[in-house]
Amino acid sequence: MFKNVSELIHLAESQNIPISEVMIRQEVEETDKPREEIVAEMGRNLDIMEKAVEDGLNGVKSRSGLTGGDAVLIKKYMEEQDSLSGNLLLDVVSKAVATNEVNAAMGTICATPTAGSAGCVPGVLFGLKPRLKPTREQMIRFLFTSGAFGQVVANNASISGAAGGCQAEVGSAAGMASAAAVEMAGGSPQQSAEAMAITLKNMLGLVCDPVAGLVEVPCVKRNAMGSSQAIVSADLALAGVTSRIPCDEVIGAMFRIGESMSPALKETAEGGLAATPTGRELAKKVFGPALGSE
Amino acid sequence: MKFRSVFDIIGPVMIGPSSSHTAGAARIGKMARELFGRQPNWAKIHLYGSFAKTYKGHGTDVALVGGLLGFDTYDERIKEALELADQANLNIEFIEEDGSAEHPNTARIHMGDEDGEFELVGISIGGGKAEITELNGFELRLTGRSPAILVMHNDRFGAIASVTNVLANYKINIGHMEVARREEGKDAMMIIETDERIPKDIMEELKTCDHISQVVTISD
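Heads up: the protein sequence lines correspond to chains A and B, in order. Going letter by letter, the first sequence gives residues -19 to 274 in our numbering. Going letter by letter, the second sequence gives residues 338 to 557 in our numbering.
In case anyone wonders, no lab produced these hints; they're calculated from the structure. Any given hint could be a false lead.
[As the list claims (entries may be wrong)] Examples of chain A residues lying across from chain B (beta carbon under 10 Å, computed):
#1 Gly45
#2 Ser152
#3 Leu194
#4 Lys246
#5 Ala249
We put the beta carbon where it would ideally sit given N, CA and C, even for glycine.
Looking at chain A on its own, in the form it has when it is part of the complex:
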């Protein structure tokens, strides 16, 4: 089993196979399940993600009323106006937002790697779909590649906001999506690692400060930004830009930053945006004075 990114890259390069293939083979070895069964299970996860994107683009509203409907706004804007950042990027963002809006509305999603960060991977995947026209197999491979990088982060740092802050959730998710985007676009395993490193470096220190303790504000918009960073990092890596700090060391830095982060900034709704006057006001509106106030 690969323990870090450099082992993962070595396994791919030495056998001349993509990272997705390393992940599939390891899963077969680890679980003793037939390959077809593992690929089919990932296919079902892909279908869940696609359905969540569709539902979100049709418009949902969370029970608290804090989130919902932004994916619809973005889609409409793309259709009716010339956007500044371009339609591919906005398509990615709208699909990431759609997924997280469905999640906030207690709809069905696939955690990638968590529910709060579930928008980045499908946002990037389904946003790139019209541009790269991947086969279903390539789309499933995208998820295995994402999973391979996520597994390294989970085992060497954290994918839990309560343990490592938002850098561990949206940071990991965006990094995973950028690495997988590189593979789907035809980049090398090493380029995937560069994209992962570049994305994570820009997510270091991001705190988990959900208003009222809900996975809504700022989580939904952080997935919008995470997915757009994933696309930009993937492009940088494909252009040949490398990270001066190796990916494994970036993951190590993320772990240590998470350890030194105050508990108030790790999913307790006691600091950051949750502790702003408006954050507290919203918490009161949703739950009464018990949550998010002293």
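Dock chain B against the given chain A, drawing on the hints supplied.
Coordinates of chain B only, in the frame set by chain A:
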């Protein structure tokens, strides 16, 4: 390595909004129910750390109760779990604890019915994964790096051998094992860490062994 499967990362399929606070909580509740072996009549659920601070917003309460009702992470009925518990005569009490626990997402579930009581501590470690750290006052010293099962059994001779024989038949190696009992001849349990995951069909076979009452995966 705590995360061994790609589906720990790309998954689970779940009802939102939080993998650690909703899906992980549902898994703790479901493990509690499976270990108890039936639906309890009452449950006192103590919440610590981030669970205590944010459980209402994350649906941790409905997820834990949904788990106690036997629902999976993706079961839409989780949303109505509190009402469904009422209908099923399951009396629930939540207690927000001020003290800190070792892990920020910790729940202690004390539950029972007229035939018995049961207590466990579960932690949600991220991405929807959950682990049991304490059972009936007995601290489980899992390494966390290997898959683990918990076997509830009657304290009789041969019970342990019958379980280890099945594992041996399938060439599953035991890396660490603990045995505990409250009283001679009464309820006992084994915690077994193995080098590989135990497939579902073998778990079912273990349940049919002599003197075995429950077999549950507590870490995979």
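In rising order, the numbers of the hints this structure does not comply with: 1
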